[in-house]
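J.: So the sequence lines, in the order shown, correspond to chains A and B. Here our numbering is used: the first residue of the first sequence is 5, the next is one more, and so on. Here our numbering is used: the first residue of the second sequence is 40, the next is one more, and so on.
Check each hint, because a few of them may be wrong.
Pair ranges (Cβ atoms, derived) [as the list claims (entries may be wrong)]:
(1) B/43 x A/87: 40 to 48 angstroms
(2) B/176 x A/36: 30 to 38 angstroms
(3) A/96 x B/108: 54 to 62 angstroms
(4) B/114 x A/118: 47 to 55 angstroms
(5) B/220 x A/86: 51 to 59 angstroms
(6) B/244 x A/46: 46 to 54 angstroms
(7) A/118 x B/217: 49 to 57 angstroms
(8) A/51 x B/111: 25 to 33 angstroms
(9) B/268 x A/80: 39 to 47 angstroms
(10) B/171 x A/86: 15 to 23 angstroms
(11) B/183 x A/46: 57 to 65 angstroms
(12) A/118 x B/120: 25 to 33 angstroms
Some chain A residues close to chain B (C-beta under 8 angstroms, calculated; not the full set) [unchecked claim]:
(13) 40
(14) 57
(15) 61
(16) 63
(17) 90
(18) 114
Footprint (simulated), chain A over chain B, 3 or more residues, beta carbon under 8 angstroms [unchecked claim]:
(19) 97-111
(20) 115-123
Just so you know, the hints here were simulated from the structure itself, not pulled from any lab data. Where is the CB? At the ideal position from N, CA and C, for every residue including glycine.
Listed here are the chains, written in short residue letters.
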Amino acid sequence: MAMKGQVMKQILLTAMIGLWTTGAIAHSPLETTTPANEATVAEVPSEVIMDFKGNIRLTRVSMTHAETHTVDLDLDSFDGFISGYAIPLQAMGSGEYVIEWRGLGADGHALNGSFSFTVE
Amino acid sequence: MPDLWGLASIATKFALYLGVLTSVGTVLTSILFQLSGHRRFTVMFASLGLAATLLSFSLAGATLTGDARGMTDPEMLGLLWSTPVGTAVTLRSLGLVLLVVGLFLGRIGWAFSLIGGGLALWSFTTIGHIPGRSRPVLNLVLMFHLVAISIWIGILSPLRTAALDANGATDAADLGHRFGRMASVLVPLLVLAGGYMGFELVGSLSALLGGSYGQALVLKVLFVAVLLALAAANKLRFIPNLATGDQAAANHLAKSISFEWMVVVAVLFSTAVLTSVLKLPA
C-alpha cells in the first residue's frame, strides 16, 4: 500500500513538473508595429507605432539598445484604453533595439510582449 | 517557463481556488447534510481565499509594471479597479466576509453564509476565459461547475473526520451514502459541464493536443479521472463495507479521502496554470 502511494506521488510530481514547464506565457494581441518586428532600418525612427487588435492601456514600455542601455519610454501623453500608440523614441545610434511592453486590456486581462528592430 | 510574476500569479490563484471552493463547499455540505462542527475549518479556508483575493489584486498591479512597485502603485491598482477585475475582487471579498459572519450568527446565519458563498463563486463569472466569451449560458454552466466541485471538495473533510471517529462508522456510512446518491446525479453533470466548457475554449482535437493550453487541460482531465476512480471506489466499496461495521473499511476510506485531497490539489493547481499564464488556442 505504501509502495503504491509512493508510485502515485511520483506520477503526480512528474505530471506537475511537466505542466510547470509548458511554455507560452501571457496574451499578445499586438497586430502591427512600425518598425516591424525584426526589421532593419537605415535611421533611428523618431517614434515606435504599436497597433493592437483591441483597446488596451499601456502601463510600461521599455527600450533596450544593444543589450546594454534600458530606458522606459514616456507614456504620460496617453490616457484611457486605445488601440493605437505612437511613442516617442530616444535615439541611441546603430544596433538592435528591443521594445518590451506591458498593458491592461479593457476586459481586465494583463497583456505583455516584445518586438525588436535593428538600425544600420 | 513563466517569469517571477507568472509563478506568483499561479501560486496565488491556486490558494484562491483552494480557499474559496473549500470554504464555500463546507458551507454547502453543512446545509445539505445538516453537518456541524466545521466552523474553524471553514473560517481558515475563507481567510485563505480572502488573503489570496487581495494578494492576487496586488500582484496584478505588479504584472502591469513588471516589478514590485506595481503592487502598491495607486495608478495601476486604480486602473485595475476600473475593469472587471475590480468587480471580481469586490464580489469575492464581500462574499467571503459574509460567509464568515454568517458562521457566527446562529440559526439565521446559514442564509448569510449561503448568499456570501454564492457571491464568492459568482465572482469567477465576471472575469476569465469563460466570461470573456460573453455568453450568459456559459457563465451559468461555469457557476454550476463551481457549485458542484465545491460540494465535492466540501464533503471530503467531514466524511474523513466521521470515518476516523471510533464511534462514527454508522454516521460516516450514512453521510457517504447520502453524498453518493447526490453525486450520482451531480458528477455526470459536472463531467458534461467540464466537457462543454473545454470544447468551447479549445474547439478542436488538434488544438487540444497541439498547444500548451490544450495539453494542460488534458492533464487536468487526467487528474479528474483519478478523482472519479477514487470516488467510485469510495461509493462502491468502502462506504457499503463501512455500513456493515467493518473498521478496516473506515481506515481505507480515510486514506482514500486523504489521497483524494492530493488529487484535488493537483486539479486546482493545473486550473491555476490554465487561468494564469497559458494562452487560449487561437
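J.: State for each hint whether it applies.
T.: Evaluation of the provided hints:
1. B/43 x A/87: 40 to 48 angstroms: Between residue 43 of chain B and residue 87 of chain A, where Cβ atoms are some 29 angstroms apart, the hint is violated.
2. B/176 x A/36: 30 to 38 angstroms: 35 angstroms, holds
3. A/96 x B/108: 54 to 62 angstroms: For residue 108 of chain B against residue 96 of chain A, whose Cβ atoms are near 24 angstroms apart, the range 54 to 62 angstroms is violated.
4. B/114 x A/118: 47 to 55 angstroms: Hint violated: Cβ distance 23 angstroms, outside 47 to 55 angstroms.
5. B/220 x A/86: 51 to 59 angstroms: 55 angstroms, holds
6. B/244 x A/46: 46 to 54 angstroms: 48 angstroms, holds
7. A/118 x B/217: 49 to 57 angstroms: 55 angstroms, holds
8. A/51 x B/111: 25 to 33 angstroms: Because 31 angstroms falls inside the window, the suggested range holds.
9. B/268 x A/80: 39 to 47 angstroms: Violated, at about 58 angstroms.
10. B/171 x A/86: 15 to 23 angstroms: 20 angstroms, holds
11. B/183 x A/46: 57 to 65 angstroms: 60 angstroms, holds
12. A/118 x B/120: 25 to 33 angstroms: Holds - the Cβ-Cβ distance for residue 118 of chain A and residue 120 of chain B, about 27 angstroms, lies within 25 to 33 angstroms.
13. 40: Constraint on residue 40 of chain A not satisfied, violated at 20 angstroms.
14. 57: Violated. Min distance 11 angstroms.
15. 61: With a closest approach of 6 angstroms, the residue 61 of chain A hint holds.
16. 63: 4 angstroms, holds
17. 90: Given a least distance of 21 angstroms, the restraint on residue 90 of chain A is violated.
18. 114: With a minimum Cβ separation of about 4 angstroms from chain B (threshold 8 angstroms), the hint on residue 114 of chain A holds.
19. 97-111: As far as the segment 97-111 of chain B goes, the hint holds, because 6 residues have Cβ atoms under 8 angstroms from chain A.
20. 115-123: Per the Cβ count (5), the hint holds.
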